[in-house]
Structures are given as structure tokens and as C-alpha cells.
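J.: Taken in sequence, the protein lines are chains A and B. Letter 220 of the first sequence, counting from 1, is numbered 220 in the numbering used here, and no numbers are missing. Letter 186 of the second sequence, counting from 1, is numbered 1186 in the numbering used here, and no numbers are missing.
Hints may be right or wrong, so weigh each one.
Said to hold, decoys possible - Straight-line C-alpha distance at most 27 Å; calculated DSS-like pairs for lysine-lysine:
#1 B:K1041 <-> A:K82
#2 A:K104 <-> B:K1191
#3 A:K104 <-> B:K1197
#4 A:K134 <-> A:K123
#5 B:K1096 <-> A:K66
#6 A:K91 <-> B:K1191
Hints listed in this document are in silico derivations from the structure and should not be mistaken for laboratory results. Bear in mind the structure is a predicted one, so any value in this text is a computation, not a measurement.
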Amino acid sequence: MNKIMKEVKIVTKDLTLHYGQKMALNSINIQIPEKEVTAFIGPSGCGKSTFLRCLNRMNDLIPSVKITGEIRIDDLDIYQKKIDVVNLRKKIGMVFQKSNPFAKSIFENIAYGPRINGINDKKTLTEIVERSLKNAAIWGEVKDRLQDSALGLSGGQQQRLCIARTLAVEPEIILMDEPASALDPISTGKIEELIFELKKDYTIVIVTHNMQQAARVSDHTAFFYLGELIEHGRTRKIFTTPDKKQTEEYITGRFG
Amino acid sequence: MRLKNKIIGGAITSASAVSVILIISIIVIILVVTIIGGKDKISWEFITSFPKEGMMEGGIFPAIYGTALLVIIMSIAAVPFGAITAIYLSEYAHEKSWIAQSIRFAVRTLATVPSIIFGLFGLGFFIQFVGPGMDKWFLGGQLKWAQPNLLWASLTMALLTLPVVIVSVEEAIRTVPRELREASLALGATKWQTIKKVVIPGSISGIMTGTILAVSRGAGEVAPILFTGAAYSLATLPTSVSDQFMNLGYHIYVMSTQSSNVDKTLPIQFATTLVLLMLTFTLNLAAVLIRSSLRRRVK
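The shape of chain B in the complex, shown without the other chains:
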């Protein structure tokens, strides 16, 4: 019996060791390969200039710019909507009511839907349904909104990141102590005054964490924007939400599969990957830091 325990224990210990080593090596390999491949290419000029020579040379500024616009518009759409949903769920909805339960079910389900499905939904809903309607009613049939653009891509991405926002804001709201709500109510504040002046200020760092996590998710996803607005290559920056845009993740995909000379663009691919990785790592790190300061405060 003792021998059996020893064998099981040993097996579990070595399995854990193997998985730890495996996970760390994957991260290290990704980082090392990307840094080695991209280090000669990456420079201030690379980040700030347009692609040249059919994307064989030059920089990736339009892709960075497009990604930034995408996540900004996405946040403007997803954060208020997600925060309001979270406030409703935690403050107003009765825990057992069918509406709260169906919202929770929908949020959980949304979080597991593959991102390409969001892309297809965006194409079908925004570009083939909402867009043509807008063109017909507002522009007399002139084609403007019934095609991929920045707005539709951002809104599709917003749908994808909504569960992230809802879950983290709700978690943050629940860390606001009941005593503070009671103090406010006992002073004759209404429920909404209490939410506005005590609950939201008390959970602001959680709302920020949620936003950052959503932005980092949105910055890294490609599938939802594939059909809804990302462009292969553009000579100018987008100036309106009805323009198409370039995107870091999509740029990597384009250069590694669609380029006429994939080997020649390899350093650009690595350097672009490095920029994207640094962007999402930084955002996630910021989210972790804010969250840990939030946890400390709760204790």
C-alpha cells in the first residue's frame, strides 16, 4: 500500500514538473524565436512608417493605427454596455429570476463561442442586414454601410469581448462591502445614488481591469474582423468609421500566407509578431497589477 502511494505520488510530481517545464518552454521559445527573427527589423522607423515595395519593405504603422482604432471603438461600445449589464446583474436582478439566469447563461455561452462564428455573425448581421438597411433608408440605396468597415469590425469585436467586461465588472462590484452600501442607504440615499456614488467609485479599478482585458483580447483576435473590415493593404489611413483598416494580427496572416515572397517578408512577420506580443503582454500585465491592488484593498 505504501509502495503504491509512493508510485502515485512520484508519478504526479513528475507529471507536474513536466507540465511546468513544458509551459515555460513554450513561452520562452515563442519569445526567443520572435525576438531573434525580428530584432534586426524592429526599429522606430518600422513602427512609424508605411509598408513599401508591395509590403516587402517598410513598416507597419497603418496596422498599429488600425488596431488602435479598432480597440478604441470596440471599448466605447463594449465597456458601457458591459458595465451596465454587470450593474443590473449584481444590483437589480433577483438572483433566481429567469431574466438574470438567462443573461448569465447567454454570457457564459457567448464566452465559449469560437471567434470565427462572431466574424460570420458580424458579416451576416451588420454587413448584410443592418448596413443595407441604413443605405436604403438614409442614403437612398447608395452603397456605403453594406460593406466591411471599421465600425462593423469594432462592433463585432465588442460582442466577442462583452463577456470579459461583464464578468470582471461584476466581480469588482461584488468586492464593494455591504457595509458601505448600507451606510449610504441609511443616510437616505436612493439605490441609484448609492450605485453612482459608492458602488461604481469603489469598483473603478475592476472596471478598468475588465476594459484592459477586453482591449488585449480584441487586439489579438483576427477571426472576427476577417470578414467585417480588415483590409489586406491600404495606401492611406482610415479617416472614417466607414473605411476599412489594417490590423496587426491580420497583417501577420497576410504576410505569412498571401505574400508573393514569404521568405523575404519573414523578418517583417517576426517583428510584427513581436509588436503584437508586447502590446498584449503589456495590457495583460497592467490588468494583473490593477487586479492585485484591488484584491489587497479588499483584504
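Next comes chain A alone, as it looks inside the complex:
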């Protein structure tokens, strides 16, 4: 029992979320394992992105949101009063649907996170920038133009830059909210390869609309529908012999 618990990174217990009066998540119970990829799938509006944004408390920014239940990361309740949200978010990186580099140079984009943590030594920053870009598989494409604006990169490059920017803070968990939905197939392929590499060191949770993508990159899949977690399990099992009829119908494309 103890051994299994150690491998679980994130646990939620009866997590319920309301936007004003409207319930968006209904009593979600899930366990997300460490250093593996968990994919959230489901039709638009099913709550998968909302749930993802609970995990780094990004929903705190929306005033009408009310959350009950529990989320434990490394067995620590992240919604208890004493939690320092800023430190929590350093531990949990996030990559967004739309690539969002700052209007700064490539170098300064990556150095942003380390700088706000008080690292200003040029040599250390250079090392972090190089390592992060290499780990995000974009170093070769940008190493000669680190001082150029990040906005000059292509969409796929910008998204990998955003992943590198997240890695520079050395998080333990990376949340990805449809990271490839705005990208062409080649860029998408690169992001997927990258996810495969990153799971050696990081716990990854990815929201995706693309079921082939979920099947390709993830070890576990969770199917959400109308704010409820319908089914969660090994990706291979979910995609071949799901327990629930709704899951099967969604995966085979009968609705959604």
C-alpha cells in the first residue's frame, strides 16, 4: 500500500467547482501517478480544462469560482489556507493552448522564471537558458538568435519555447492545456516527441481534444463528460475495452 501511494503525485477527493450558480465539476476523485503522462479527454465544456486549472490554482483568478473538496499534491492539501500559491505554481508548470511568449527576447523569455526567483547571475542564467532550450528540443533552432524577439518564431517554435520557459523554473509537474491544438501536424509531432522525453523527469497532465494524440502520448486516460469523471484507467484499456458505454461512444466517435 505504502509503495503504491508513493507513486501517486496528485490525488483529488470529491472536488466540486461552481462558476457562480453553475456546477462545472461534480465530485471528481482521481489519482494521477508520478512521472507518467495522464491525458484528459472529453467533449468541449466537459470540465477537463477547468479541472486542469484547479491543479495549479489558476482558477483563483476568476472571482465567481467556488471550490469544495480536496486536491493533494505530494500529500499536501493545496487549497488549505497556509499554502503559498506562488510557491505552488513554481512546482507546477503550465503550458497553455495558445502559445504565449512575452514580448521579450528568446533569452529573456526563458530567464523570466529564474529571474523572479532572484537568479540574476549572467553565467547561471545562460546555463539555465541553454539547458531548458535543449530539454525542450528547440536549442538547435534558436541558439544563434537568443537575443531576437520570441514573437518572431513560428507557432510550433513558440509553443516549445513556452515549454522551455516552464522547464527553466524546474517544476515537478507540467500541466498542458491542449498544447498542440493550434499547430500543424509536424509541430504537433515534435511536441508529442517532447512529451515522451519529458515524462522521464516530470509528471505530465495533458488536456487534449485529439483522441489519437491521447492514445499516442499518454499512459493513463481520464474521460470527462458534463463535469463528471466518467472513467479513468490505463490508456490502452480505455481505448480498447472501456468499462462505460459513454466512454466507448465518445472514443468511437458516436458523439462529442
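Fit chain B to the given chain A structure using the hints.
T.: Relative to the frame of chain A, chain B by itself:
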């Protein structure tokens, strides 16, 4: 029915045409009259020399200098204060909270108060209340601050231009995409770090637009400084904020109503008006250009 539509349509079209022509003619007439009246007078010497012969001859350098000092001190007071208010309103205040609503109400009301009221407020508050207090506490009753001067005029003008700054800075801050704030917060930045490193750099051109609009408004207003620091005529330039100063707008007023020979000073009046117009047009043009580049970036 169709005839009725045609008549209404025709009436609206001609009304629009008339107003367009009217507005354009007003601008053209103002420009043409000022240029014709002032073109013989305006010269490098006019801009750089002091008035002579009881302001019948000479230039308007002290008025330009005084106007420049006025708007600089005014900006130093109004821009940081206005920018901080705008940041508070857009980033910190809860939209529905009574404090945010009362600030917004105050800003809207301030923007509609006639400028002469600001002048009277400046006189009553700074010169009759704050000034005497300063003289009493710091100078043992010696008269220094309890009279019109550059500082009080600038601060009065700052109050007048504050709404302009607040509204344009807030508008600029709102154009910073939510995605960028989220990116910063998700990297573990605090709210203040996000504002300092993402929001303010992202809205810097809006802050500049606001400043320029405020400066242009301040350069053109006369009423607020009438009682608070503008001087009829001075032999020397102001050397301290406790000195009085000359001002372009006030200079035009003085020469057109107070001069012993109004007809003789007519070319000086026109030339001064031309300088003032060019100053405010240039500032407004700069603001428009910066703003349009800002809009392009948002799209």
C-alpha cells in the same frame, strides 16, 4: 412610405454634409486666420526673445518657458499618481466594490468639472490653506508659499489632467492579453512581479499616450492657472517653483484684453496663438500615432 424614407434619408445626408463642411471650415478658418495674422511676426527671434516696449514688441520666450515648466511639473505630479490609480482600478480593485465604483465616479465627475472651478479650488486649497500652513510651520510665518506660484499652478493643472491620465492608462492596461498575465503567474510570479514585468511594459505606449494627451490639455488650459500662478508680465524667468511664471494661453488673454494698444499687439497675438496651436496639434498628433500603433499591436 417610400417617399417618406427618401425624404428622411435625404435630410440626414444633407445634415451630415453640412456638419462635415462646418467642422472642416472652422478648423481651416482658425488656421488660415492665425497663419495670415501671425506669419510676419513669427520668427526664431520671436520664439527666443523677451517681450519689449511694454509687450508691444519682442518675443514670447518667457511664456513658452513657463508653459514648458508648467506641463513638466504637472506631468511629474499627475502621471505617476494617475498610473497608480489606473493599475489599482484594473488589477487590484474588485469591479463591484464600493471603493472602485467611487473612484470611477470621482474620475468621471472630475472630467466634467469646468476648468475655472479647478482654478478656484487651487486658490482656495493650495494658496489659502496649504500655503499658509507651510509658511507657518516651516518658515515661522514668513510669506512664501501662501501666494500664487509655479508649484500651485502645476498641481492645480495636475488635478485637471488626472482623469485623462487615468482613463488612457487603464485602457492601455486592459489591452495586455490575459494569456501573458497567466503565463507569468503560472511561472510562479507574484501579482506585483507580473504587473511590473509584464503589464506595465506591455502598456507603456498607452501610458505615454495618456501623458501626451494630459500635457497637451495642460498646455492649452488657462483658467486653472489664472489665480494660482500665471503672471501678467515678468522681467526674469522663474528660477524656483515658488516663483510666478508666464504662460502662452494667458499671454494671449493678457494681450487681447489688458494691453494699452490692442491693435498694435495683434500680430503678436496671432503669432502666439500659432505657437500654442502648433504645440497642442503636435502633441495630439503624437498621441494619435502612438495610440494607433498600440491598436495595431493588439490585433
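J.: Any of the earlier hints contradicted here, and which numbers?
T.: When the structure is compared with the hints, only number 1 turns out to be violated.
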